[in-house]
Amino acid sequence: MSARVLPWCLLLALAASARAEIPLAERRSGYQDMGHATRAMQDDDAVNPATLWVLEGESLWRRKAGAAARACADCHGAAQESMRGVAARHPAFDASAGAPLNLEQRINRCRVERQQAKPLAYESRELLALSTFVARQSRGLPIEIESSERTRPFLEAGRATFRRRQGQLNLACAQCHDERAGRRLAGVAIPQGHPTGYPIYRLQWQTMGSLHRRLRNCMAGIRAEPYALGSQEFVALEMYLMWRARGMPLETPGVRP
Amino acid sequence: MARVVVNLPQRARRGEIIEIRTLAGHDMETGFRRTQLGELIPRDIITRFTCSYNGVEVFRAELHPAMAANPLIVFSTVATESGTLEFRWTGDNGFSAAHSASISVD
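For the protein sequence lines, the chains are H and G, in the order given. So the first sequence is residues 174 to 430, counted in my numbering. So the second sequence is residues -11 to 94, counted in my numbering.
Source of the hints: derived by calculation from the structure; they are not laboratory data. If a hint is listed, it holds; no wrong ones were tucked in.
Cβ-Cβ distance ranges computed for the label pairs, FRET-style:
(1) H:Glu254 / G:Glu50: 40 to 46 Å
(2) H:Ser320 / G:Val93: 53 to 59 Å
(3) G:Ala54 / H:Leu314: 37 to 43 Å
(4) G:Glu17 / H:Ala240: 32 to 38 Å
(5) H:Leu342 / G:Glu50: 40 to 46 Å
(6) H:Leu342 / G:Val66: 56 to 62 Å
(7) H:Lys291 / G:Asn(-5): 32 to 38 Å
(8) G:Leu25 / H:Arg338: 32 to 38 Å
(9) G:Glu17 / H:Arg338: 37 to 43 Å
(10) H:Ser269 / G:Val93: 57 to 63 Å
(11) H:Gly258 / G:Arg9: 26 to 32 Å
(12) G:Thr72 / H:Glu406: 49 to 55 Å
Just so it is clear, CB atoms sit at the ideal spot from N, CA and C, and this is done for glycine as well.
Please put together the full structure from these sequences, using the hints given.
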């Protein structure tokens, strides 16, 4: 490539990426585009169905488990203080794993290592209850994902997944959620896809679900083979999505249509 | 473990209309869905909800298969006297959940 063409190519590449990514000030939580009834449901703990999971999580937090006969509360004390802000920092890099762990995996790691109990199955009611209860303690706090030398490869991997066309429909996440967010797909507004309220109570599911369940939904929608719940690919994508939503307040437990 | 959330004011003036909000954790399986193998999933729903105020029934609801999971039931009653409100949900397969809350009326 000649020296004269190269700068133009770079400029075009920059322009393309600038168009693709949503400027920080223009980011919107899916909450802002919901109807007022759904918003009211999320805002009021007395009618937010996720409260059932928060309360169950609270009792699991205090229940002794595993061969160590220890409860989460025995080490961590009151979750209202010890777990404040924790969900807003996850997925977080774990030195012993050499990779990021999301909140569900962190809870299970604690269960295996400290409580000497069996890990809870991904998407099981108990794990959803515990992760919802823990994430609830970060409600309103800004999402803050570590961006450093050690997390960069995973953030980049997540970004690459987000940008990669896949499935029979040959679509990338970015094509809908970066480039066409706010427009409509089959009569429904396309959200920007910020994971601000997970685990969420999704009215369509009639139950709580993790972000990975939601991601599987999206992948099935573009007729791609979904990654497994809790897989490295999904954790990297989750980390990128959380980084993309950095600074936005966590809403857990969110309600979504 | 039956999971319920009940929300009502702890205090009220005599004669005041109070709002009571209840949420019960239940899958509300309609009985119309089938598994991937084509077998019918049997119905499993809450069929009845009652609220009694110092032993007197003040509200009752019958629930049916088209109702959403984790039904939210909001109703109102008149605060007549201090005492206890008993809430009871019953349903298929022996489902039963109960909750009681006290209110002081002055």
